[in-house]
Amino acid sequence: MRSTLRSRGIGTLVAAAFIFLILATAFSLFIYIASQMRSYQESMIASSIARGEELAEDFKVNDVVLTADGFNVTIENEGSIQVMISHVGVITDSQVTYIDVNDTLIEPHETETIHVETTMTITNGTIIQVISTRGNIASLKYPPSAPTAPSGYRFDVLVYPESTAYTAVLRETFIKVEINGRYLAWVQDFEDNSTNYVWTVTGVGGRSTAQSYTGSYSMRVKAIGGPSFDPIENGNFTSDASGWTNVTLGDALSGWENTSHSGGSVYVSVPEKKASGNGNWTQQFNVNIVPSSATLTFNYNFTCNSVVLYEFKVIIIDPNNAEHVVWSLSGSGSNEADWTSVSRDVTSIFLTTGTYEIVLYASIITGPPAFSQGKIYWDDIGIWITPLSSSYATYEFNSTNNPYFENLPSNTAFNVYFKNGTFTSSQDQSSLSIHLVINDTSTGNLTELIYYYGGMTPSSLESNPSNITRIYLGNIPSDGQWHFFSRKWYNDISANIPNPDNAKIIRVHLAVEASNGSLEAFFDSVHSPGEFINITKIKSYDTSTYQISIAYSNKTDENYVYNATVTLNETENRIMLFHGTASPEESAKISLNYNETVFTNLYVSVLPLNSVTKFYYLYKIYEGGNIVKEIYVLVEIQS
Amino acid sequence: MNKRGVSEIIASLIIITIAIGLGSGLYIYSLKFFADFRSSMGTKLSLATAKADERFIITYSYYNSTDSTLHVFIYSYGDIEARIVAIYVNGQHFEKETIVNPDEIKELTVSISLSSGTYKVKVVSERGNSYEKYVEV
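These protein sequences, in sequence, are chains A and B. Heads up, the first sequence is in the numbering used here, so the first residue is 1 and it goes up one at a time. Heads up, the second sequence is in the numbering used here, so the first residue is 1 and it goes up one at a time.
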């Protein structure tokens, strides 16, 4: 019996040993599986991160500029993470080639130009493809086209959101850059990078380059942000917590309190032992631009006694409801800290316009001691947005603003003022010409009266100011007036315009060969002889003093009293007329009343009038400083 | 009395033998079971990991009507090589076994006669990954 029992005991031991072996094997298997699963999970996480980065990657091809041995492709990283460019593809109708560019790195918001050497001929329609190491593709069909001008802009534009790499100016051109409301930092032109035009523009403004460029150049425009602004309302909590909403949970309390820290502050507290709670102060705010930089600043003051756990966070929620914890603090115990200032660069969060939300989060768990409590004050909350400007470059202009004249007599001098001129020329500077064309309305013929061109030297009387020797585009300022003053026609037009009364329209045409353009111009109004009043006939010119009666125009408004400046117009053959007896005097002011006739004396000091029978006498009538009426008086000299 | 003693010994031996036999059998079976399970599990995880690490795209595809060939450019950007096994053109299967190493772009061609239209080109890998792209002919 004892032996049986003993053998059973041995059998049990044997069985137990086997069971142990089996369990040990199973355990080792479990360990192995756990290891494999961990490895698999890590692999899955890595894969998931890679997929996320793949989606987060955002870049585009801005430009392609051909070079002697290939081309330069400009790529802009518009995403929030780095981009590594793996290959650049060149796709034509007959060939597809991918060039390894050695994983060129582009930082977020940066633009990089990659030089690609290739023997392939890039023509219109060739697709330039850029492939990142995350498998994303951006393409551009050559040649790059200029984006559409924003509403309200009169020029075709190239849009530079922040900066460009070098952009080809394929035509000979003057460059005008416009910027929409912010600061223009600099324009760098051209080939050798040696010249920087640094301009600051507040509001809408622009500048033009001072000279033309021929050939294929490149240009860089960079616009940096204007003055920073803070979209947070009442971030100082000076007198209350208006603009903010607060929510508390558990045992937390919140409110505004006069802390004498730039007025008051808001707080979240758990004021009793063995309690817990949390509270949020939140505010939504709009950001209507994509900033070039954004900085979060705030102050906090945290005091606590025997706190089991405290946790504070500042969170920004973007328009896509993604939460970004930009600052956090946690711990336990006691704290008697004073005000602490925090500043964080949050530029990477503000990638789009829209409604954002800032959350000041506090969670406090107090301990058992009777004095256990915790309290945090928030103050001086600000998010300083530095705008990212857009700038616009243009080298186009149109001809719709050419000035025109109505009823211009054939030999009346006139003034034309130009400003804000931009030109495009396929020729050099000397090819610029100004053409004055008269339209004979009786025949419909257009007759060119005068033209000046860049290489021509007008007489000193024919241009103003500075007796310019060339009609030089660079002399047309953007903010002033370039004054072209014609003293006479270059050509004798008497044969072309037999009856000046029919010369109803004169157009001034500013032209550059093979070009078009626009120019703001204004000009003195002129009148046809048919409008002239009271032709005064001088019977003799061998005496020195004449009295001329001039009727004031009856078209003026009786409610106004005008002052007239009598300007003696220089006309043909250098007739010099002087008013009154105090010679020489080129002008005089005369008070005119409504429908009044003015009598004035003319003293003729120089009268080489061998062939002159007529001249014109100009009255300019002012209301305040503005010309409201001009009167030409024809003076006919009778022998 | 002595006989009773012998039978007890025999009985004990039988019991021990049975215990050892059953135990050995069970142990051997469990070893094989665990080994199979481990092998199967390892293979599955390895394949799943490799599938996740394999990433590729079609960068460009065009049809050459002159020689009736469809050209497909595949870029492998995963951690391991892409094992391409087939191309489908509008569901039509073409065996194309090739390996595209990481950061490599490889061109595959398919002889096929296509008329004008839009075609869906799908590249599938041995690991079960695929990428589709529409091609205008």
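If you are wondering where the hints come from, they were derived from the structure by calculation, not from laboratory data. What you are looking at is a predicted structure, and each value in this text was computed from that prediction instead of being measured. A hint or two may mislead.
With a cut-off of at most 20 Å between alpha-carbon atoms, the simulated EDC-like pairs for lysine to aspartate or glutamate come out as follows [to be verified]: (1) K274(A) <-> D338(A); (2) K120(B) <-> D53(B); (3) K51(B) <-> E117(A); (4) K313(A) <-> D338(A); (5) K44(B) <-> E53(A); (6) K141(A) <-> E136(B); (7) K96(B) <-> D36(B); (8) K96(B) <-> E126(B); (9) K51(B) <-> E136(B); (10) K106(B) <-> D93(A); (11) K51(B) <-> E8(B); (12) K273(A) <-> D240(A); (13) K106(B) <-> E110(A); (14) K120(B) <-> E107(B); (15) K133(B) <-> E107(B); (16) K60(A) <-> D103(A); (17) K313(A) <-> D251(A); (18) K273(A) <-> D345(A); (19) K141(A) <-> E107(A); (20) K133(B) <-> E54(A); (21) K106(B) <-> D53(B); (22) K51(B) <-> E53(A); (23) K51(B) <-> D100(A); (24) K96(B) <-> E132(B); (25) K133(B) <-> D93(A); (26) K273(A) <-> D230(A); (27) K106(B) <-> E126(B); (28) K106(B) <-> E132(B); (29) K274(A) <-> D345(A); (30) K106(B) <-> D100(A).
Selected chain B positions facing chain A (Cβ under 10 Å, derived; list incomplete) [said to hold, decoys possible]: (31) G23; (32) R38; (33) D53; (34) N64; (35) G78; (36) A86; (37) V89; (38) G91; (39) I112; (40) L114.
No residue lacks a Cβ here, since even glycine has one placed at the ideal position from N, Cα and C.
K60(A) paired with D103(A) [C-alpha distance capped at 20 Å]: Measuring from Cα to Cα gives roughly 16 Å; hence the hint holds.
K120(B) paired with E107(B) [C-alpha distance capped at 20 Å]: Distance of about 17 Å is within 20 Å: holds.
Pair hint K96(B) and E126(B), alpha-carbon separation not exceeding 20 Å: Measuring from Cα to Cα gives roughly 11 Å; hence the hint holds.
20 Å Cα cutoff - pair K273(A), D240(A): Answer violated: K273(A) to D240(A) is near 28 Å, above 20 Å.
Agreement of K313(A) and D338(A) with the hint, judged by alpha carbon distance not exceeding 20 Å: holds (18 Å)
Hint status (Cβ of G91(B) to nearest Cβ of chain A, threshold 10 Å): Nearest chain A Cβ about 25 Å off; hint violated.
Holds or violated: K51(B) to E136(B), with C-alpha atoms at most 20 Å apart: Given pair K51(B), E136(B) is violated - Cα atoms ~30 Å apart, limit 20 Å.
Pairwise hint evaluation, D345(A) against K273(A), where the allowed Cα distance is 20 Å at most: With a Cα-Cα distance of about 37 Å, the restraint between K273(A) and D345(A) is violated, given a limit of 20 Å.
Given pair status - D53(B), K120(B), alpha carbons within 20 Å: Distance of about 25 Å is beyond 20 Å: violated.
Given pair status - E107(B), K133(B), alpha carbons within 20 Å: OK: K133(B) and E107(B) at ~15 Å, within 20 Å.
Agreement of hint A86(B) with chain A interface, Cβ distance less than 10 Å: violated (20 Å)
Restraint check, 10 Å cut-off on beta carbons, for I112(B) near chain A: Status violated, d = 18 Å.
Figure legend: structure checked against the earlier numbered hints; hints not met, in rising order: 1, 2, 3, 5, 7, 9, 11, 12, 13, 18, 19, 23, 26, 29, 36, 37, 38, 39 and 40.
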